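Engineer: Here's the letter readout for the chains.
2 protein chains.
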Amino acid sequence: MRTSIATVCISGTLEQKMLACAKAGFDGIEIFEQDLTVSAMSPEEVRALADRLGLTLDLFQPFRDFEGVDGATLAASLARAEAKFKLMNRLGIDTILLCSNVGTATINDDELFATQIRALAELAAAHGVKIAYEALAWGKYVNTYLHSWKIVELVDHPNVGLCLDSFHILSRGDDPAGIADIPAEKIFFVQLADAPVLSMDVLSWSRHYRVFPGEGGFELDKFMGHLVRSGYDGIVSLEIFNDVFRQSNVERTAVDGMRSLIWLQDRAIAHLGDGAADYPLGIAALPGAQAPSGFDYAEIRTEDPEAVAGMLAQLGFTFRGQHRRKPVTLWSAGDARIIINTQRSRGITAEVSGFGIQVPDAALGTRRATALKAPAVPRHHTVDEQPLHGFTAPDATEVFFGTTSAEPAWAPEFGNGSKPADTSLVTGIDHINLAQPWQAFDESVLFYTSALNLQARPGTEVPSPMGLVRSQVLRTADGAVRLALNIVPHGLENTTDRAPGYPEHIAVHTDDIVTLARHAVGAGMEFLAVPNNYYEDLAARFGLDEATLGQLQELNLLYDRDEHGEFLHFYTETVGTMFLEVVERRGGYDGYGAPNAPVRLAAQFERNRLTTH
Amino acid sequence: MRTSIATVCISGTLEQKMLACAKAGFDGIEIFEQDLTVSAMSPEEVRALADRLGLTLDLFQPFRDFEGVDGATLAASLARAEAKFKLMNRLGIDTILLCSNVGTATINDDELFATQIRALAELAAAHGVKIAYEALAWGKYVNTYLHSWKIVELVDHPNVGLCLDSFHILSRGDDPAGIADIPAEKIFFVQLADAPVLSMDVLSWSRHYRVFPGEGGFELDKFMGHLVRSGYDGIVSLEIFNDVFRQSNVERTAVDGMRSLIWLQDRAIAHLGDGAADYPLGIAALPGAQAPSGFDYAEIRTEDPEAVAGMLAQLGFTFRGQHRRKPVTLWSAGDARIIINTQRSRGITAEVSGFGIQVPDAALGTRRATALKAPAVPRHHTVDEQPLHGFTAPDATEVFFGTTSAEPAWAPEFGNGSKPADTSLVTGIDHINLAQPWQAFDESVLFYTSALNLQARPGTEVPSPMGLVRSQVLRTADGAVRLALNIVPHGLENTTDRAPGYPEHIAVHTDDIVTLARHAVGAGMEFLAVPNNYYEDLAARFGLDEATLGQLQELNLLYDRDEHGEFLHFYTETVGTMFLEVVERRGGYDGYGAPNAPVRLAAQFERNRLTTH
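In order, the protein sequences belong to chains S and U. Using UniProt numbering, the first residue of the first sequence is number 1, and each one after it goes up by one. Using UniProt numbering, the first residue of the second sequence is number 1, and each one after it goes up by one.
What the hints contain is simulated information worked out from the structure, not anything from laboratory work. Take these hints with a grain of salt, some might be off.
As the list claims (entries may be wrong) - Some chain U residues judged to face chain S by a derived CB distance under 10 Å, without partners named: (1) 2; (2) 17; (3) 83; (4) 533.
Please read these numbers as outputs of a predicted model, since none were measured by experiment. Idealized CB from N, CA, C, for every residue including glycine.
Just need the whole structure built from these sequences, with the hints factored in.
Structural biologist: Pasting the structure below:
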């Protein structure tokens, strides 16, 4: 299938949009009429620019409020339509989107709709234009794709077919299975949009909250399956109205969109299974997805490693050595490996700068990520003795694939340190928490889930003294890799979107947090102080005995419990924009202590206030 | 009535919240439990701080998911409640908010609800605590105030009364008239919240979109009327869950909230009319609202007045003179007066810095604004020979009251310029468009509507190359004063909230825009260039004849039409962050050419791109 995107999805002038879409790899674009109207480029210039860029101009849209009207209104609409058909001829666009009437229709009569659309079709045919009729979910009389298909059948004109839009179908909860029964040659255009599952009026939902496929809650793989079974092999185009995308970097958003289409086509192939070969997909599946087996390492960038190194030592990490060529050191405890990197660290007190994940075949993972337009890390800085490639995530985190093994192949490059301890209280990396610039959140969800083969869990919101923190966990089913993404409250972010100013952290797990905490305190570690009020509330909520409560409070441990088990954790002080967390999971507890997050955020806010004012 | 506010409304630590609430003038606060739990202050410290600040601690909240449960759950809840009652004793709070059960209730039985709440009441009574029972709009079984009142009657215990929350009642569309029939002594607490009229699930609406009274769409004056008629004279408290307020400046938000309560009490008095004297309101009406009769002036601040002065001259403004003492000049054309101010202008190319409005009694207007906590302009800089006072609006605009007159009393202070022309094509100021920092929008709506007695019209959104621009008009019924507030897309704002970087403008009106435009062009003025595509679309939409269209295009005039009349307008080039607009209203056209705003925004974006890259 050929890929396209509506110009309304992204920011900038029409010229900037076209350049960005071509650069991102789209085959064509839909011209959203207003983008042309406000453009200084003439239709001929737009056509010539598209030619030069190798973009097809696939659709002119929208034409609204046509059918079901009185005669005078119809005549005015036909005059308006003819002007647009002439404009389309100058642009070289052969298909126009006709939305079902939401405003001016006064007569509810399918035969009349068909008669009036047939009149439009005759006019269109005279100008070589085809009409793709779309049922808007909030259309006055026509608001389901089956109804619009009935009208198209009644019109019975070679220049009239359907436009199918996944949002208008799935937002209503309509069953898309019927798409498979529509003759493919009568499907003139397909628009794809995902959306988070929200309970609001469908018009607002559609106009502000659409996201690229894979970033929301719709089952678009199934939708694509029905489409493919119809025999359709035309254009699949993104039409995403999203307030954030419209004000974000145009090139980056275009790549985000292209990634979503690549991902979705792969998902559709997977959904079709063995049957995929029967259909004219014209696309290749992505290099295979692999289940990550764990974190290869986490990386901290700092211009002065002393504070971070001290914290790691206090938690029982062993200094494993300096990289033989680079100013990079490796620390390990159990299966947790943490790299301290002083490259490109000027002005950076400390930050979580990257991580590696282990997969069975690192080269395959790289091919898949590349196919998903993961942007390469400009320099190869961590493991250059190994033929691996890294990618920069939308939040600027650097991600590398490593091969599944207890001791990574690159570990020997760190030569001059101590042997790893035989036993360690820290057993591995539990999760990594990454701050997201507000405009990168949806993009990051798609990036990490598609490139790293993680599943997105439902999002949540955590109160903090500086506002609600939106949070979402991406993870493997077995919990071997867990990423928690936090969107940064506006007042806390830095001015660039490359350096979220909100603390990020690396959480390691242990089977004995009490002993570990005592050792760390003994080694001089200062934990984030937990207020007394918290422990009083804990007692009221969980009925803990005094000894347990006293131990928690003595060690500044936080506690949570659910029907599966218990969770104990503590936080270190923050260095720069990073800190460490230690967690112990007892029983089947599978969460992250979300009820305690406000305590942590408030304590960090208070601490920061006391140290900076 | 006494005023209070829930700590959850605002940002910061509990200590910061308390300081801000006291400074804003609240009588007391509701302690939102989580704010205490995460606080480093002990309950005793909180109590002592409240004492010192003169704040009463009015409510401890919330206690959730209590009634309608099995015996074991009830026992656990009672144990939890007792811990909280003891905590309340330490805080010195005598009332707890009990929300109707949304989660754990399994038995739908009013008698059981009453029996279980009575058990809680006995326990509460033993600790000197009263229970205010509130029906949440999404309560599992109890979700209307009439139902919660029925339960309270069934409980029939002196320590159990009602909490009424305007959001939970009005969001459901329930009729609040029944409040007047509830015995006032059984209304233990009243929470007030407004909200924009949205169509979404009520839980999300409640948790994220509440606003202070006067900033949304609820008829809170009527709500207050019913409350007053019940004989209630207790506390009215703000409980506003708003994502923006939670991340905004705590002191400013607290003042915004206090202003809303002052405004609402005044509205309630107005709603009660002559009957107000019969009720124990215990509050005074605000100094009377006056209908503004027009703009006194608009002010532009610039470090180099040449460019602005040139534009004014090109539009036919007369230089009226230099202020006798200050580096401020006055220009006029018809009833439009524009002041160019070079004070405090370092680094400011040009910006819309303030305006004056005329009212019958300027001193009365000032008293009203002061009572509404309008922050005084730190220096008296424009009209100091006249005993007027100015206020800084939340968007940093400086606003002054003047007395209604064709020639303001302060005009003679500008002595050495030309006489005003006998006739002028510009006839007056039509509207002023002000850019709003994202976190000031709701606050600005309340400030301008309450302090200047303007009415808010429904908001709209305008597409621009950098995202959707939220826009709302505040105006007098007769259109004599019109303010258009635009919220700045995120990517365009400056880093401080005091200096929105988005262009603002002053629009003047004329009865002959064609002649005025020709004169301006003849005088060398460059208009914002309008793309050819716009005129082609105009022809298709309105069927204008070629001569009219040609004239519009030649002069870069924009055009709109509705059922009431026509609108022609043009824009000057931008200087700094301001530009001028000239409008002609023909017939009864009462809008602002909203369909043309995207053309303007795109042209400005393009122009800016060409000049800055």
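Engineer: Against each hint, give a clear statement of whether it holds in the structure.
Structural biologist: Each hint, compared with the structure:
{"no.": "1", "hint": "2", "verdict": "violated, 27 Å"}
{"no.": "2", "hint": "17", "verdict": "holds, 9 Å"}
{"no.": "3", "hint": "83", "verdict": "holds, 4 Å"}
{"no.": "4", "hint": "533", "verdict": "holds, 5 Å"}
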